[in-house]
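Could you put together the complete structure from these sequences and hints?
2 protein chains.
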Amino acid sequence: MTIIITAFERSPDGGKGLARDTRVRWALEEVNQPYEVRAVSFRAMKEPAHLALHPFGQIPTYENGDLALFETGSIVFHIAQRHAGLLPDDANARARAITWMFAALNTVEPPILELVTAKILEGDKSWSEERMPLKADRIRDRLKQLSVRLGDAEWLDGAFSAGDLMMVSVLLRLKASGILDEFRNLSAYVARGKARPAYKRAFDAQLALNNGKPAP
Amino acid sequence: MTIIITAFERSPDGGKGLARDTRVRWALEEVNQPYEVRAVSFRAMKEPAHLALHPFGQIPTYENGDLALFETGSIVFHIAQRHAGLLPDDANARARAITWMFAALNTVEPPILELVTAKILEGDKSWSEERMPLKADRIRDRLKQLSVRLGDAEWLDGAFSAGDLMMVSVLLRLKASGILDEFRNLSAYVARGKARPAYKRAFDAQLALNNGKPAP
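Residue numbers (our numbering), protein chains in the order written: chain W, 15 to 230; chain B, 15 to 230.
No lab work stands behind these hints, which were simulated from the structure alone.
Wrong hints could be hidden among the right ones.
It does not matter which identical chain is used: a pair holds within one copy or between any two.
Listed below are the simulated DSSO-like cross-link pairs for lysine-lysine, each with C-alpha atoms no more than 27 Å apart in a straight line [unchecked claim]:
| # | residue 1 | residue 2 |
| --- | --- | --- |
| 1 | K158 | K133 |
| 2 | K149 | K139 |
| 3 | K139 | K214 |
| 4 | K158 | K60 |
| 5 | K133 | K149 |
This is the structure:
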């Protein structure tokens, strides 16, 4: 059965790889599973056919035979559970790798997304200039803790896992802000993630879809 | 081996059950697993012993023999995977239930937390009055979509699952705002969750810990 995922017809980032389909592509590349992509326009995302797949009208989605999933975290976890390469075999190590997936999505990403959405949705508001530094400091607090835990290790808990895939993807969102550069070990960690052949294939594939299409 | 979780020595909500240990207690009650609670003060949460368990200095944590986990989502998932009662046996239904766990934590909770933290951290700022309604509308957009998907169903996908446990827990945070009351089927859904004997036992246990201790 063919795996089919959805992605933006035109990614809001114009192909920088920050749209969430890149995370799913990366996971599929790590486990060497072929997949097809169905591009979805912003209008189609809010129409009944897509809402049947994704009740919140977003991308990515995942279809494989009679299984349809949404939510990036759930899709990456599903891929990691079905195919070797993204979760350790040892039960305890596996539970810890899954913990890092949740930590990336629920503890590290929310303050980062708050900064990103505040820039997009409230950048023109009177309070924006005073408020942004508060948001940036909340991110720094989290990164300090993450930096301490990572230390000199290559990955968060032993071998590269779906937890690292998710954490690197989340931290990549900080590129433009310059905040990531304040933490040398985290910058190097993200660079190691980006250097993986599977990440490069995923990045190139999403870029090819967006190529020649300027950001809307 | 005894399961040990951590909880606030004094919950910021004074025992309303919104601290995240309630979610873990609820999961353990649903699968009939006994557990012990170690109460942690705000000071101790930032000290090395606790940071070794939870790199971001929060509660809850989960210990069982030589396994130590953090992140509520990961802990609830671990409990659900090891003990019958929170995830369906059918592989596809199981993947969908896990999807709802991620959806609760990553799609529905973030705008709710933004409203809550904005009230706490920015309630005295000049922009607060103008900004709050924007945040509330973002929550409404999500709840509209969730309400449509739930429809007249009892739970999100067949039988009660860890996905419902997490979604009900997330929606409970909206009680004070009145926003939940605007969606009749979601209010009834939350009421069904709260009526479960396992939820009641979890709620009573966290209340007992907080009883007689005013919110700090």
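**Hints violated by the structure (numbers, ascending)** = 3
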